[in-house]
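There are 2 protein chains.
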Amino acid sequence: MTFALAPRILADTAAIASLGLSELRLMDDARFPWLMLVPRKAGAEEIIDLDAAERAALTEEIALVSGALRAVTGCDKLNVGALGNIVRQLHIHVVARFERDAAWPGPVWGAGQAIAYEAAERDRFVQKLRQTLPA
Amino acid sequence: MTFALAPRILADTAAIASLGLSELRLMDDARFPWLMLVPRKAGAEEIIDLDAAERAALTEEIALVSGALRAVTGCDKLNVGALGNIVRQLHIHVVARFERDAAWPGPVWGAGQAIAYEAAERDRFVQKLRQTLPA
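Here the protein sequences come in this chain order: A and B.
Residue numbers are given in the numbering used here: position 80 of the first sequence equals residue 80, and the series is strictly consecutive.
Residue numbers are given in the numbering used here: position 102 of the second sequence equals residue 1102, and the series is strictly consecutive.
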């Protein structure tokens, strides 16, 4: 089985970078600075479908991406989650939260309807993230 | 600064086990089999407040607890999340989800009101988890 991004993830996100284990994507929802890591392991649905080395790599990618996201946004809190109740392909959300955001203090998952970015705004944010991630 | 469980966590959860890094607790909500890992690091609020060795340990504790929880419950999906928008002390939720549960397919966070366990039912569940966790 070859890895490919789930169609729903492909439709809802934009590419930021290919990390060692995971594809890093931006969720197309201008309400929240919202990243997604998708480990390139075909068939994985749970964190425990990864082996120990892959879990370690994933954890370090979560840390890397969390640091960059906080640096770029100056957020009040990070939210990290692996749910997958709807899209089963393993994916980890890393979301920058603000005490004034549309879902605070609730979770972003299931909170109202996404508002798509304007293309130029999205591209600027992706560019900033790329510049902030360690090479 | 000495580590102590946040008062809200202490009030809402019951002790299951002390793991290498984290306190493992059971959320007192009979609607969802819902565990919580609280790393014993004073002042930590984000996963990136842990150092790399602590993050690795946390990841392995998430994997350990996820496997035990799925074995005990036979759940359809695991949900893992670090939010902390309300209680800032770093804590990681590991929740067993069923396609027929009260919040499916939404997240458990912010979903309605908790329903406390009956003491005997809670104790049985804690006992089963303790027996299933590797020694």
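By construction, these hints were calculated from the structure, which means they are not laboratory data.
Idealized CB from N, CA, C, for every residue including glycine.
Please note that the accuracy of each hint is not assured.
Some chain B residues flagged as far from chain A (calculated, every beta-carbon gap over 10 Å) [stated by the list, open to error]: (1) 1008; (2) 1041; (3) 1055; (4) 1115; (5) 1118; (6) 1134.
Here are some, though not all, of the chain A residues that point toward chain B, as calculated from beta-carbon distances under 10 Å [stated by the list, open to error]: (7) 52; (8) 66; (9) 70; (10) 72; (11) 78; (12) 83; (13) 93; (14) 99.
Cβ pair distances, simulated, as ranges [unchecked claim]: (15) B:1124 to A:120: 31 to 41 Å; (16) B:1003 to A:118: 37 to 47 Å; (17) B:1031 to A:88: 17 to 27 Å; (18) A:130 to B:1119: 51 to 61 Å; (19) A:15 to B:1124: 45 to 55 Å.
Checked hints:
1. 1008: 13 Å, holds
2. 1041: 15 Å, holds
3. 1055: Incorrect as stated: the minimum Cβ-Cβ distance to chain A is 5 Å, not above 10 Å.
4. 1115: 19 Å, holds
5. 1118: Fine: 27 Å to the nearest Cβ keeps residue 1118 of chain B off the interface.
6. 1134: 13 Å, holds
7. 52: 7 Å, holds
8. 66: At about 5 Å, which falls below the 10 Å cut-off, the nearest Cβ of chain B leaves the hint on residue 66 of chain A intact, so it holds.
9. 70: 8 Å, holds
10. 72: At about 14 Å, which exceeds the 10 Å cut-off, the nearest Cβ of chain B leaves the hint on residue 72 of chain A violated.
11. 78: This hint holds: residue 78 of chain A lies near chain B, its Cβ roughly 5 Å from the closest one there, short of 10 Å.
12. 83: 5 Å, holds
13. 93: Holds, about 9 Å.
14. 99: 8 Å, holds
15. B:1124 to A:120: 31 to 41 Å: Since residue 1124 of chain B and residue 120 of chain A have Cβ atoms about 57 Å apart, the given range 31 to 41 Å is violated.
16. B:1003 to A:118: 37 to 47 Å: 45 Å, holds
17. B:1031 to A:88: 17 to 27 Å: For residue 88 of chain A against residue 1031 of chain B, whose Cβ atoms are near 22 Å apart, the range 17 to 27 Å holds.
18. A:130 to B:1119: 51 to 61 Å: Once the Cβ atoms are compared, 53 Å apart, the range 51 to 61 Å for residue 1119 of chain B and residue 130 of chain A holds.
19. A:15 to B:1124: 45 to 55 Å: 48 Å, holds
In this structure, the hints that do not hold are numbers 3, 10, 15, in rising order.
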